[in-house]
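Chain R is fixed; fit chain C onto it per the hints.
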Amino acid sequence: MHELALAEAVVAAALEVAEREGLSAIREISVRVGELQRIEREVFEFALREVLPASEPRVADARFRVATEPTRLRCHACSHAFRLSDTSSPLDPDAAESIHFIPELAHSFLCCPVCRSPDFEVIEGRGVSIERIEGS
Amino acid sequence: MDPRGSVVDRRLEGVRRIIAVGGGKGGIGKSLLASTLALTLAEEGRRAGLLDLDLTGPSDHVVLGIDACPPREDFGVEPRLVHGIRFMSIVAFVGSRPTPLRGVDVSNALLELLAITRWGTLDVLVVDMPPGLGDAMLDAVRRIPRAEHLVVATGSRVVLETVRKHLQLLRRIEAPVVGLVENMSRGGSAAVRALADELEVPLLGVLPFDAELEEATGDVARLSRTSVVGAVRDLARGLHGRIRRVRGSAGSAASGS
Chain R
1006 MHELALAEAV
1016 VAAALEVAER
1026 EGLSAIREIS
1036 VRVGELQRIE
1046 REVFEFALRE
1056 VLPASEPRVA
1066 DARFRVATEP
1076 TRLRCHACSH
1086 AFRLSDTSSP
1096 LDPDAAESIH
1106 FIPELAHSFL
1116 CCPVCRSPDF
1126 EVIEGRGVSI
1136 ERIEGS
Chain C
8 MDPRGSVVDR
18 RLEGVRRIIA
28 VGGGKGGIGK
38 SLLASTLALT
48 LAEEGRRAGL
58 LDLDLTGPSD
68 HVVLGIDACP
78 PREDFGVEPR
88 LVHGIRFMSI
98 VAFVGSRPTP
108 LRGVDVSNAL
118 LELLAITRWG
128 TLDVLVVDMP
138 PGLGDAMLDA
148 VRRIPRAEHL
158 VVATGSRVVL
168 ETVRKHLQLL
178 RRIEAPVVGL
188 VENMSRGGSA
198 AVRALADELE
208 VPLLGVLPFD
218 AELEEATGDV
228 ARLSRTSVVG
238 AVRDLARGLH
248 GRIRRVRGSA
258 GSAASGS
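Here the protein sequences line up with chains R and C, keeping their order.
For any residue, its number in our numbering is found by taking its place in the first sequence, counting from 1, and adding 1005.
For any residue, its number in our numbering is found by taking its place in the second sequence, counting from 1, and adding 7.
FYI, nobody ran anything at the bench for these hints, they're computed from the structure.
Please read all numbers here as calculations on a predicted model, not as lab measurements.
Incorrect hints may have been included.
[Unchecked claim] Non-contacting residues of chain R with respect to chain C, defined by C-beta distances greater than 12 Å in every case (computed):
#, residue
1, Glu-1008
2, Leu-1028
3, Arg-1032
4, Glu-1033
5, Arg-1046
6, Glu-1047
7, Ala-1065
8, Asp-1066
9, Ala-1086
10, Gly-1140
[As the list claims (entries may be wrong)] Rough simulated footprint, nothing fancy, chain R against chain C, three-plus residues with beta-carbon under 8 Å:
#, region
11, 9-15
12, 64-71
13, 90-102
14, 119-129
For each residue, glycine too, the CB sits at the ideal point set by N, CA and C.
So here's chain R without its partners, still in its complex pose (with noise of 0.2 Å):
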């Protein structure tokens, strides 16, 4: 599963943070899903708590809160404003399985509905970030 990758970067990088802050211990951590990766939040909730490190106190207690961010996009060549909702017709199981791993290839499979361009930026939405670390 390939989330377990991602998942054990967002624990990487709260000990980062708990290390730079001098956090003890780590109560709850904020994760946000961008809708273009389409990574199922409960999939990742579960990614999360597996790959805690047993021998990591500061981390042994955390919580994790996923949410799920819808995507927006706006065309370079016409300054369209659009969602993953308004491209073209549901993507075939590769092209989602590529954007799934990579996001940035939504422009191998996407465009713009307007102009059909793939220049497009992905403004929100894109893959994994963390919002927010809650720690003593």
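Same frame as chain R, now just chain C:
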């Protein structure tokens, strides 16, 4: 906060050495050298990997004749073993479709690839560096700071103008440079030698211009018999010699202290 940078070192921790093949200019043979270097290392029994970081114009798969290499999903993605090489490229995900990516997209895709690819245990990972001195190259250097740079040049003044800048940049950011290689040589260029001397970079090999290379491209068995790949084989052995010597001297210095 972007968490991906926090796991890149971990993904590469089982890799003993990373050789980044670059040179700034497109079309000077970076992909040929990177691919055949990985191939010859694998032929000699080394656990070799090849990472094509040219995300908009990947070509290592063309050199090695790899049609499809979908990665295996397992706690991230595991590169496929092709011709004895662990191989990763953007084509593993997108096939032959164009990848029109702006700088920010290149940076993101490159980081994603480094964050999810599990290389396992390797003796050498050869990285085919992107052309230019833009986002792609700067990110590759920043994200893989322990890469040792092997720089490709040809005797063309047009190429050398850019190769010089590439080397100057690597020096400025204190990235390790393992040496310079002359490609498409018709007898050894005085200009390449002069650049190596001027910038105090060892000239590690001279790859001959080979009229048969184009025909052999994509056919690994045939490629292996070309004079170019013969010279790459010598270069690979020389690289190992250098490694042993470097390690040997470091070891004796450590034991003497």
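Cross-check of the supplied hints:
| no. | hint | in the structure |
| --- | --- | --- |
| 1 | Glu-1008 | 9 Å, violated |
| 2 | Leu-1028 | 14 Å, holds |
| 3 | Arg-1032 | 17 Å, holds |
| 4 | Glu-1033 | 14 Å, holds |
| 5 | Arg-1046 | 17 Å, holds |
| 6 | Glu-1047 | 18 Å, holds |
| 7 | Ala-1065 | 19 Å, holds |
| 8 | Asp-1066 | 20 Å, holds |
| 9 | Ala-1086 | 17 Å, holds |
| 10 | Gly-1140 | 14 Å, holds |
| 11 | 9-15 | holds (count 6) |
| 12 | 64-71 | violated (count 0) |
| 13 | 90-102 | holds (count 3) |
| 14 | 119-129 | holds (count 5) |
The structure is inconsistent with the numbered hints 1, 12, although it conforms to all the rest.
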